Amino acid sequence: MVENVAPVVAELEQDDINLLSGVEHGMRFSEYVAREKLVEFSRLTAEEVDYRLDRCEDRGLVERKTIQYQGFKLTFEGYDALALHTFAQRETLEGVGSPLGVGKESDVYEAQSYKPLALKFHREGYTNFREVMKEREYTADREHVSWQYTARKAAEREYEALETLYPDVSVPQPLDTNRHAIVMEKIDGVELSRTKLSEEQVVPVLELVLDEMAAAYDGGFVHADMSEYNVFVTEQGVVVFDWPQAVPTDHENARELLTRDVENIVNYFKRKYPALVGEVHIDGLTEAIAGDEFEELAAYAE
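With this note's numbering as the guide, the letters of the sequence shown map in order to residues 17 to 318.
No lab work stands behind these hints: they were computed from the structure. Values in this document were obtained by computation on a predicted structure and should not be read as measured data. Some hints could be false.
The list that follows gives simulated cross-link-like pairs (lysine-lysine, DSS-like), each with its CA atoms no further than 27 Å apart [unchecked claim]:
1) Lys-81 to Lys-131
2) Lys-81 to Lys-202
3) Lys-120 to Lys-212
4) Lys-53 to Lys-120
5) Lys-81 to Lys-53
6) Lys-202 to Lys-131
7) Lys-53 to Lys-131
8) Lys-202 to Lys-212
9) Lys-81 to Lys-286
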């Protein structure tokens with residue numbers, strides 16, 4: 017867990033970081049990096065490599081395996097340590113606080129900084145690597161794909177979407193990124209799935225979400241994973257988060273994904289508030305969102 021890695025980062029010396037960076041570099045070519053290669057990749061002497069490997073292994077940052085050779089790979093804790101070290105060097109954050117949300121594809125923590133921030137670590141590819149390789153197109157052009165690469169590309173995709181859309185779309189403000197991690201604004205709100213809306217709030221909140229989807233499309237992106245679990249309800253309105261699967265609007269499947277997003281969010285409201293949200297013409301609503309013509313849900317009632 018990241019909260020256990022943070023104190024370890026303070027103990028690391030520059031040559032430990034050099035060793036971890038060398039292992040990271042070597043994993044671009046193979047899952048386990050031969051000890052002999054680490055002299056070249058880390059630019060340390062053979063004796064120093066041995067010493068640093070022992071230090072990092074004791075701290076759970078690298079894993080050893082003997083196959084035809086003795087090889088080493090980063091654990092996710094080791095990859096976390098490299099990202100945290102970079103954020104500390106940049107003075108982006110001072111420490112890691114309590115968990116805000118832990119899931120299969122990401123872990124989010126409160127970041128200790130000049131103001132409360134959120135620190136998100138992408139975990140794509142670590143627990144279900146084959147499925148991620150099938151579903152994520154950014155792994156399709158590489159013969160050897162490590163979980164670090166998959167997680168880093170997910171973070172890059174999300175950061176690009178947030179940086180492009182903020183502040184015109186209500187998304188968390190992105191502040192920094194490194195490897196598989198993103199530092200962003202911490203949102204004070206309640207996840208839509210856990211929010212109980214009054215009768216007067218139901219349709220207006222749904223319309224707010226649809227407005228943000230239209231603004232995002234106008235800004236060049238489809239979320240592509242919209243659900244009640246990716247929207248915060250705040251005192252100011254709604255915030256749409258979790259954008260690693262976002263696709264640009266010129267993507268060949270963009271309109272299909274937008275339709276799926278619209279259907280997902282409308283169906284959630286229909287299931288939870290059936291007396292207040294009736295049948296909706298999804299295709300017509302999708303066309304209006306894509307054309308920046310959406311005004312009110314009632315116009316698409318069936």
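query = Okay, which hints does this one fail, numbers in order?
reply = Structure breaks hints 1, 2, 4, 7 and 9.
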